[in-house]
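A.B. asks: Since each chain comes alone in its own frame, lean on the hints to assemble the complex.
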Amino acid sequence: GAGVSQSPSNKVTEKGKDVELRCDPISGHTALYWYRQSLGQGLEFLIYFQGNSAPDKSGLPSDRFSAERTGGSVSTLTIQRTQQEDSAVYLCASSTGTGAYEQYFGPGTRLTVT
Amino acid sequence: GDSVTQMEGPVTLSEEAFLTINCTYTATGYPSLFWYVQYPGEGLQLLLKATKADDKGSNKGFEATYRKETTSFHLEKGSVQVSDSAVYFCALSVYNFNKFYFGSGTKLNVKP
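Listed in order, the protein sequences are those of chains A and B.
Residue 83 in our numbering sits at position 83 of the first sequence, with consecutive numbering throughout.
Residue 120 in our numbering sits at position 6 of the second sequence, with consecutive numbering throughout.
Don't take each hint at face value.
Said to hold, decoys possible - The calculated SDA-like cross-link candidates involving lysine to any residue, where the alpha carbons are at most 20 Å apart (straight line), are:
#, chain 1, residue 1, chain 2, residue 2
1, A, Lys-57, B, Ser-117
2, B, Lys-221, B, Val-201
3, B, Lys-170, A, Glu-102
4, B, Lys-170, A, Ala-100
5, B, Lys-191, B, Gln-152
6, B, Lys-221, B, Gly-175
7, B, Lys-221, B, Leu-127
8, B, Lys-213, A, Pro-61
9, B, Lys-166, B, Thr-185
10, B, Lys-221, A, Leu-39
11, A, Lys-15, A, Gln-83
12, B, Lys-182, B, Thr-119
13, B, Lys-225, B, Ser-117
14, B, Lys-170, B, His-188
15, B, Lys-225, B, Thr-185
16, B, Lys-213, A, Thr-114
17, A, Lys-11, B, Gly-157
18, A, Lys-11, A, Arg-22
19, B, Lys-221, A, Ser-38
20, B, Lys-213, A, Lys-11
21, B, Lys-213, A, Leu-60
22, B, Lys-213, A, Tyr-101
23, A, Lys-15, A, Thr-114
24, A, Lys-57, B, Val-208
25, B, Lys-174, A, Glu-102
26, B, Lys-213, A, Ser-58
27, B, Lys-221, A, Arg-22
28, B, Lys-213, B, Leu-162
29, B, Lys-170, A, Tyr-101
30, A, Lys-17, A, Thr-112
31, B, Lys-213, A, Asp-56
32, B, Lys-166, A, Glu-102
33, B, Lys-213, A, Ser-38
34, B, Lys-221, A, Glu-44
35, B, Lys-221, A, Val-89
Since the hints were derived computationally from the structure, they do not count as laboratory data.
Here the structure is a predicted model, which means the values were calculated and not measured.
Chain B on its own, in the form it takes in the complex (with noise of 0.2 Å):
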């Protein structure tokens, strides 16, 4: 069936390095896909999207190209912020938006 994977938490990173989360998916037909975020004490918010191949999203300096070869959708920041810190759930969307798939969200810590 459809699915998403997300690489596992929590992410401890110092300002200014360099993020990736890694995202893979498993789907018929032609997804979107996307990434949400959900910072501390709040709800969740749309961060980035993509909708066919090749395409990348982009958002508050993160990063993520649809790659229909390796079906993935990894985001990237190149130098992330203490106010990054959150967790962060890669998305699909199938049958024409009926249905979502969430991963399972992957929390970052940025420290100082």
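Isolated chain A (complex conformation) (with noise of 0.2 Å):
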């Protein structure tokens, strides 16, 4: 079956845009979560939905930082008036449920800042 995609596979934008970045789980995961990596480190664990829900947004690096659920599907991670530091690599995965369950990661939007 088909697994965790993420569009775009790349974007390049200027400082100060605003970039929406989509994850498409598989379905009938429940859980989604989206990390992020930046070059030469490891990945920064910044939201967990659990159907619509995401208990703790702490994990988010700023406010420009927003992400929605709907229908329990699909995500979207928003960053607002990027900046440079945000450049990095965004992945999403997603698990059957909460729990030690194995999640399933998608191949990653490349995000540059310039």
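C.D. replies: This is the structure we're talking about:
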């Protein structure tokens, strides 16, 4: 079956512009995660959705970052007024539920802010 | 705060050598521990996991034991293959799995 998909695969934007990154999880997966991977660094946890709800948004780096999930499926990560330090690969993962379930990762969106 | 520290790479080994990648953690409460692997050109995938102290996770010849006394979850394999060349990430989850923490990754190169 289809895995986690993300779009766009690459995004180049000018500093100060807003960007939207999309994640389509595996059908039926109730949990969805967003991570950021900066060059040479590990994965930074951003936010987690159970259904359409995000119990804890404290992982988002600043108030320029927001995320939503609709219909228990597609999720959008929005970065407003992008800065150069936002340049990174943004990864999405989904799993069948909360707990120690395997997360299935998408291919990521590479964001470059010029 | 909660965190994961893993040995820096790259690690270069010859085929059939013994592998250890060290991972230590700091966590409040009782975390679950994971190893994820990213093969060249592919996305991250779960390699193994352990959810309580003294549990051993194993998969594809890899093993890791959850050691609460040393706060460690070291990854081992007795005989590596060229196909094991990848980046390995140690991770933990706390607070009812609302948050995950990943290490910085260790790149493994296995030479024939």
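A.B. asks: Each hint needs a verdict: does it hold in this structure or not?
C.D. replies: Hint-by-hint comparison with the structure:
no.	hint	in the structure
1	Lys-57/A - Ser-117/B	holds, 18 Å
2	Lys-221/B - Val-201/B	holds, 4 Å
3	Lys-170/B - Glu-102/A	holds, 16 Å
4	Lys-170/B - Ala-100/A	holds, 14 Å
5	Lys-191/B - Gln-152/B	holds, 16 Å
6	Lys-221/B - Gly-175/B	holds, 18 Å
7	Lys-221/B - Leu-127/B	holds, 11 Å
8	Lys-213/B - Pro-61/A	holds, 14 Å
9	Lys-166/B - Thr-185/B	holds, 12 Å
10	Lys-221/B - Leu-39/A	holds, 14 Å
11	Lys-15/A - Gln-83/A	holds, 5 Å
12	Lys-182/B - Thr-119/B	holds, 15 Å
13	Lys-225/B - Ser-117/B	violated, 32 Å
14	Lys-170/B - His-188/B	holds, 10 Å
15	Lys-225/B - Thr-185/B	violated, 31 Å
16	Lys-213/B - Thr-114/A	violated, 31 Å
17	Lys-11/A - Gly-157/B	holds, 18 Å
18	Lys-11/A - Arg-22/A	holds, 12 Å
19	Lys-221/B - Ser-38/A	holds, 16 Å
20	Lys-213/B - Lys-11/A	violated, 27 Å
21	Lys-213/B - Leu-60/A	holds, 12 Å
22	Lys-213/B - Tyr-101/A	holds, 13 Å
23	Lys-15/A - Thr-114/A	holds, 6 Å
24	Lys-57/A - Val-208/B	holds, 15 Å
25	Lys-174/B - Glu-102/A	holds, 16 Å
26	Lys-213/B - Ser-58/A	holds, 10 Å
27	Lys-221/B - Arg-22/A	violated, 29 Å
28	Lys-213/B - Leu-162/B	holds, 18 Å
29	Lys-170/B - Tyr-101/A	holds, 16 Å
30	Lys-17/A - Thr-112/A	holds, 12 Å
31	Lys-213/B - Asp-56/A	holds, 8 Å
32	Lys-166/B - Glu-102/A	holds, 16 Å
33	Lys-213/B - Ser-38/A	holds, 18 Å
34	Lys-221/B - Glu-44/A	holds, 18 Å
35	Lys-221/B - Val-89/A	holds, 18 Å
The structure does not agree with the numbered hints 13, 15, 16, 20, 27 stated previously, though it agrees with the rest.
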